[in-house]
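Chemist: Residue-level listing of the chains:
Protein chains: 6
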Amino acid sequence: MRLADHTTTTAAEALESVDVAVVPVGSTEQHGPALPLGTDFITADAFAEAVTDRDDVAVLPTIPVGVSEHHRQFHGTLWVSPETFEEYVTETIEAVASHGVRKAVFVNGHGGNVNALERAARRLRGDGTAFAPTWNWWESVPELSDDLFDSDGGHAGPAETSLLLELAASLVREDALEEAGDGVPESWGKSVHGASVGFDTIDFTPTGVVGDPTEGSRVAGEELFQAASEELNALVDWLVDKPFDSLRSTDHV
Amino acid sequence: MRLADHTTTTAAEALESVDVAVVPVGSTEQHGPALPLGTDFITADAFAEAVTDRDDVAVLPTIPVGVSEHHRQFHGTLWVSPETFEEYVTETIEAVASHGVRKAVFVNGHGGNVNALERAARRLRGDGTAFAPTWNWWESVPELSDDLFDSDGGHAGPAETSLLLELAASLVREDALEEAGDGVPESWGKSVHGASVGFDTIDFTPTGVVGDPTEGSRVAGEELFQAASEELNALVDWLVDKPFDSLRSTDHV
Amino acid sequence: MRLADHTTTTAAEALESVDVAVVPVGSTEQHGPALPLGTDFITADAFAEAVTDRDDVAVLPTIPVGVSEHHRQFHGTLWVSPETFEEYVTETIEAVASHGVRKAVFVNGHGGNVNALERAARRLRGDGTAFAPTWNWWESVPELSDDLFDSDGGHAGPAETSLLLELAASLVREDALEEAGDGVPESWGKSVHGASVGFDTIDFTPTGVVGDPTEGSRVAGEELFQAASEELNALVDWLVDKPFDSLRSTDHV
Amino acid sequence: MRLADHTTTTAAEALESVDVAVVPVGSTEQHGPALPLGTDFITADAFAEAVTDRDDVAVLPTIPVGVSEHHRQFHGTLWVSPETFEEYVTETIEAVASHGVRKAVFVNGHGGNVNALERAARRLRGDGTAFAPTWNWWESVPELSDDLFDSDGGHAGPAETSLLLELAASLVREDALEEAGDGVPESWGKSVHGASVGFDTIDFTPTGVVGDPTEGSRVAGEELFQAASEELNALVDWLVDKPFDSLRSTDHV
Amino acid sequence: MRLADHTTTTAAEALESVDVAVVPVGSTEQHGPALPLGTDFITADAFAEAVTDRDDVAVLPTIPVGVSEHHRQFHGTLWVSPETFEEYVTETIEAVASHGVRKAVFVNGHGGNVNALERAARRLRGDGTAFAPTWNWWESVPELSDDLFDSDGGHAGPAETSLLLELAASLVREDALEEAGDGVPESWGKSVHGASVGFDTIDFTPTGVVGDPTEGSRVAGEELFQAASEELNALVDWLVDKPFDSLRSTDHV
Amino acid sequence: MRLADHTTTTAAEALESVDVAVVPVGSTEQHGPALPLGTDFITADAFAEAVTDRDDVAVLPTIPVGVSEHHRQFHGTLWVSPETFEEYVTETIEAVASHGVRKAVFVNGHGGNVNALERAARRLRGDGTAFAPTWNWWESVPELSDDLFDSDGGHAGPAETSLLLELAASLVREDALEEAGDGVPESWGKSVHGASVGFDTIDFTPTGVVGDPTEGSRVAGEELFQAASEELNALVDWLVDKPFDSLRSTDHV
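So the protein lines, in turn, are chains A, B, C, D, E and F.
Number 180 in this note's numbering belongs to position 180 of the first sequence; there are no gaps in the numbering.
Going from the second sequence to this note's numbering is simple: count from 1 and add 253.
Going from the third sequence to this note's numbering is simple: count from 1 and add 506.
Going from the fourth sequence to this note's numbering is simple: count from 1 and add 759.
Going from the fifth sequence to this note's numbering is simple: count from 1 and add 1012.
Going from the sixth sequence to this note's numbering is simple: count from 1 and add 1265.
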């Protein structure tokens, strides 16, 4: 069910069968010349949609601005600090837990959010409020991604391009995909003798893109979306099956 | 224009003509038995939509969870602390200002957000980052509201009920409007000898509603929406006309 | 009783019959050319004095600097941030609660303090420490104020002018009252199409005053003071009558 | 001059000749069975009064609650955290500095405030806002104190008892002085093999007193008050003579 | 040079030729039954030692407690929060930068520190204070590690075991290596359908170890240490060669 | 025992007999032309070493950067803010307390750390986590110091010079001792009419030294070290003897 569509009265009843809150979290940030700034919340939103018809799931509204300062040099990128993002998502989970839903999944569309989400989840588990792991769609189907594309899934690379063609084709500037991949690296970051020195995206990619976006296709996007959606459903099944107490922090040995 | 629909490249060009960022901010919170939990972001969203086709406006994604702890006893209410909300919106405006858009309007659907938004706006103006006042739709057309309804516009009262009937009728449980208004007060809060002692909504309304929702109608909603949308457009015009320097903090006398 | 006049030993005994702590909170800020910078703590102090001879009340020392940044452009205004003020008053109440006095009233002389006081009170109630509403004298006798003056009570307007003439006439520059009211607005703030754009007092009043101060008189001040003092006494009575548990936060429905 | 007695208009003129802001800071805390809880702000207030008629001084309102958690076990003690107190005084000085008064003295009545005041002063000097040392009356006349009393000045000991007899005799319970000094230590704190283990006053004094209060007298109080007041005046003279730039932080060698 | 061995006078001269500060950062945390709790600062220390004789390097004292809460269930683990660790290292770099050394390397012995170090480095670069990337020894020689061991380098696995045998053999309990590797996973963490659910080490390894420690040897340790030390030297060379301005954050496109 | 030398398995057993954690805390800061920047952690380290062979003591790694901003104008000084230092040490004690060791001693080499350590200790005692007083070597043998030297022990004065000659003679530049004491004051700080105005060391000593370092000698250092080490052992004995509950905060009277 979608929480915000309910009134407080119908929510009272619907929440009785809900076991897992799903919180889509994205970002509004550059995705190169061809993909929309909203890419990461569009994907998060779409994956959350894939579990919305479950009675044991409450999908919360999508949080659209994330940890993206490293994209700030590119026009249109929005960001908040990791601390603010962590607080925002932590308190949102605390709220839903106050209504009795103490398992949650962050359905995440943006790699930059991961550390903050993990700190949030650690706090929530640590004080016994909730068990709230992060689900990153790109980590749920790594082999498929390898099968589909020669290059790395990347940032605004073939995987995201494919997904957007599937989910929001009207927002993809297909004629810019060639330019998007021009002179970009195969993988994220920049390393010198074991030290990571690529602080900002602009330090290692001229267009903001990583991976070859021209490899993307709607067909690949459909396949990725289906496969990853199944993984998300399986994750929710796993969470539903686990008693909450079995998910708590382990005691000192 | 809608920022998130642009790629970074097309945003670069489009932002050149943008003068005002519009940030819809709402809440996910109880609106009594008849209106959806998403009421406040649905209205914020809809009003922002009313200025989306302007080239001098960039509409940002909607921020869906706000300052609503005082509704926490009712099922489904989400909230973050005033401090976290203030940070989240302040940093979002700082980001958009970094791309050259230094006037903004918070298009706000929730009274509980107002103080935090005003603190944010004060900071942003104080350090010269941006001029970002808050526009509350219900304050833009007070006379119309008085004309349309006998009771106060309220919370989940006749004004919001009317707007929702206009904007998202499928989410309104019209058969629950009667029950929603049962035993509720005419106006917000609870005062004892000059001291406000209504800390939480539940302290002064049994259903979570203030004002008589049965007074609401789709026709009234349409009228409210049109009138307030015109006010918002007029506010944007006013901002566009003002040179940024004329909006800065005044110096010491 | 006045807490600070007691020794710890006599306080031990006196506190046994005390049910309500009274904390006068004011500000040191511009009140136009005619009223002293100390206006808001002078009034808070005087109202607290009106309940000092009650055995069931402990009056704490007056907190003299408040949330007044919006008056900063006028000479002599002092201020602290809302966060600092909130902390200062919250911790003061926590201290008095540690001695067994868990009901309190902020006797407040300054509108700018209200939001911070309400956040403090929410925290104190939320964690079960104390019930500490804010009493604003101007909200305790709104009809009387309307009866006495044609214009709004205002800031440094007729109501405060009257009170100061009653309470501290030697600090009122009566010959400046005319100048004080020159070109000032009837009511607080500045609104454009539903958006509040009067961030600082100086944005909407040239002298720092709101309302017509020449309407003020010692006689009106005496009347205001008596009437509001009675309201404060009635509020204390109400608090004394309420069992502490009946004032706690309500549970989830 | 006393700042709060001025209107903003007369303050504008008076502040032109002011060179030093004087901020009385005290505490509301146990001073044993014989002295009032307000002892520390009463003394701070009185010393500030001693420089009020200087045109080059602006006396600010007295800050009455300080860093006194270590007295919390005794009835009536109020306190805020060191961080909150530091913020409150720092921001107050920032405010007065914004009106052009960039030298200040904290006239301090309470030893527990010293560390927080010093951190505040370091910040204010470090960022170039103000030079704001702390004046502790008991450190201005150490030899006189040694001459007047056999025992240490102490806490609620002979020095404070004498001052209170001079400044607020009606609040001193002289018949309790004997009991106050019963079984109390000669000096502050408790040390074990070089480690300070006296965290709270109650850890080392049964009545809350340190030093023999029966040694106190009004005559000694008068002498102390005169001598220390002269020192404060001399400090203000010293500050007035120093160009502000000569008081700034020194550069790196 | 080692900074702490200098007096301030000799440091003044020596710092003139220093271009890069090296800050060893480790942790005190469980490394299974066979390796000492100090493993991570011992390795950090040793690698820093490898560049100590360079005149263009100042080695700072080793920071011994890091971000290790996820090992807390095992005896002896110490930790601070990520925020505290980030502050501690950030301020340390700010201090050394105040003496003119604005390039730095965190020589890091602990994976759990990485995110906090990267946030610190981002802040330091963002405000123009310093360029301070993190060097993780295990990321400087990944191929060698793959060549030397069948299993992953791991936590307290073959790579760390080898290094400790080389650097501090007396602290390795070689007779416990077998037990250490009993039932442990090949790689870090625990993933369910794309979600990381291994919050604490104890969630996925019974002994606290990851990777097979019995593969470790002193010879492998020597090889790893030499190879990685060369990489660190090469990184320092790279930093020395880069003008500071070329390392600053890039401007908006 | 030294905690970091143990594996988690041997620590489990060893910690059973441990009653007191010893945390050496120092600073890296100017000690004039003759003593090393590491003086304060070298001494802290050495004193901690003196109790390392006790089975009832766990010595933690040395924390090398402390509260030394007031020395910042001298080359090589490192520092963190008091708040950061307080957090770092508080959390470290919380960690060791989680393994059952709830008494601790900060073996402190630096006067500037004292206030932050005391705030940390107050918090740790206040919430029942641990009893963790600070041991300052110079306060454990004040009479001996007076006997040995004509001048005050000072900063980089005769006491520290003597200790360093005993503990790390190779780092002492004996030929610079004369210069070090040139024109320096006998005691710490600078006072004007009862106000402390010596914010930074450089405000009152040209070389960074206080007290006459030429009075120092290895023999005196040996005597100081032995005597103070005995005091530390005696303090540990005292702590071991005290039941933890007898060290908790006292209740309200």
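Hints may contain errors.
[What the hints assert, rightly or not] Residues from chain F that face chain E, not an exhaustive set, calculated with beta carbons under 7 Å:
1) Leu1268
2) Ala1276
3) Ala1277
4) Gln1295
5) Gly1303
6) Pro1326
7) His1335
8) Gln1338
9) Phe1339
10) Gly1341
11) Glu1356
12) Ala1360
13) Asp1411
14) Trp1503
[To be verified] Using C-beta positions, here's what the derived DEER-type ranges look like:
15) B:Asp403 - C:Ser723: 37 to 43 Å
16) C:Val759 - F:Asp1321: 35 to 41 Å
17) E:Ser1182 - F:Ser1435: 55 to 61 Å
18) E:Thr1262 - D:Ser950: 42 to 48 Å
Source of the hints: derived by calculation from the structure; they are not laboratory data.
We treat Cβ as the ideally placed atom computed from N, Cα and C, and that holds for glycine.
Chemist: Let's test the interface hint: is any C-beta of chain E closer than 7 Å to that of Leu1268 of chain F?
Modeler: holds (6 Å)
Chemist: Between Asp403 of chain B and Ser723 of chain C, is the Cβ distance one that fits in 37 to 43 Å?
Modeler: Holds - the Cβ-Cβ distance for Asp403 of chain B and Ser723 of chain C, about 39 Å, lies within 37 to 43 Å.
Chemist: Double-check His1335 of chain F for me: the hint is only fine if its C-beta lies closer than 7 Å to a C-beta in chain E.
Modeler: Nearest chain E Cβ about 12 Å off; hint violated.
Chemist: Using the nearest Cβ pair, does Glu1356 of chain F come within less than 7 Å of chain E?
Modeler: holds (4 Å)
Chemist: Given a cut of 7 Å on the nearest C-beta pair, is the interface hint for Trp1503 of chain F held or broken against chain E?
Modeler: violated (25 Å)
Chemist: For the hint on Gly1341 of chain F, does the least C-beta distance to chain E fall short of 7 Å?
Modeler: This interface hint holds because 4 Å falls under the 7 Å limit.
Chemist: Closer than 7 Å between Cβ atoms is the bar; does Gln1295 of chain F clear it against chain E? Give me holds or violated.
Modeler: This interface hint holds because 4 Å falls under the 7 Å limit.
Chemist: Against chain E, is Phe1339 of chain F within 7 Å by beta-carbon distance?
Modeler: holds (5 Å)
Chemist: Does the Cβ distance between Ser1182 of chain E and Ser1435 of chain F fall inside 55 to 61 Å?
Modeler: violated (24 Å)
Chemist: Can the suggested window of 42 to 48 Å be confirmed for the beta-carbon pair Thr1262 of chain E and Ser950 of chain D?
Modeler: Between Thr1262 of chain E and Ser950 of chain D, where Cβ atoms are some 57 Å apart, the hint is violated.
Chemist: Against chain E, run the beta carbon of Pro1326 of chain F and see if the smallest gap drops under 7 Å.
Modeler: holds (3 Å)
Chemist: Holds or violated: is the Cβ of Gly1303 of chain F closer than 7 Å to a Cβ in chain E?
Modeler: holds (3 Å)
Checked against the numbered hints above, the structure breaks hints 7, 8, 13, 14, 16, 17, 18 and satisfies the rest.
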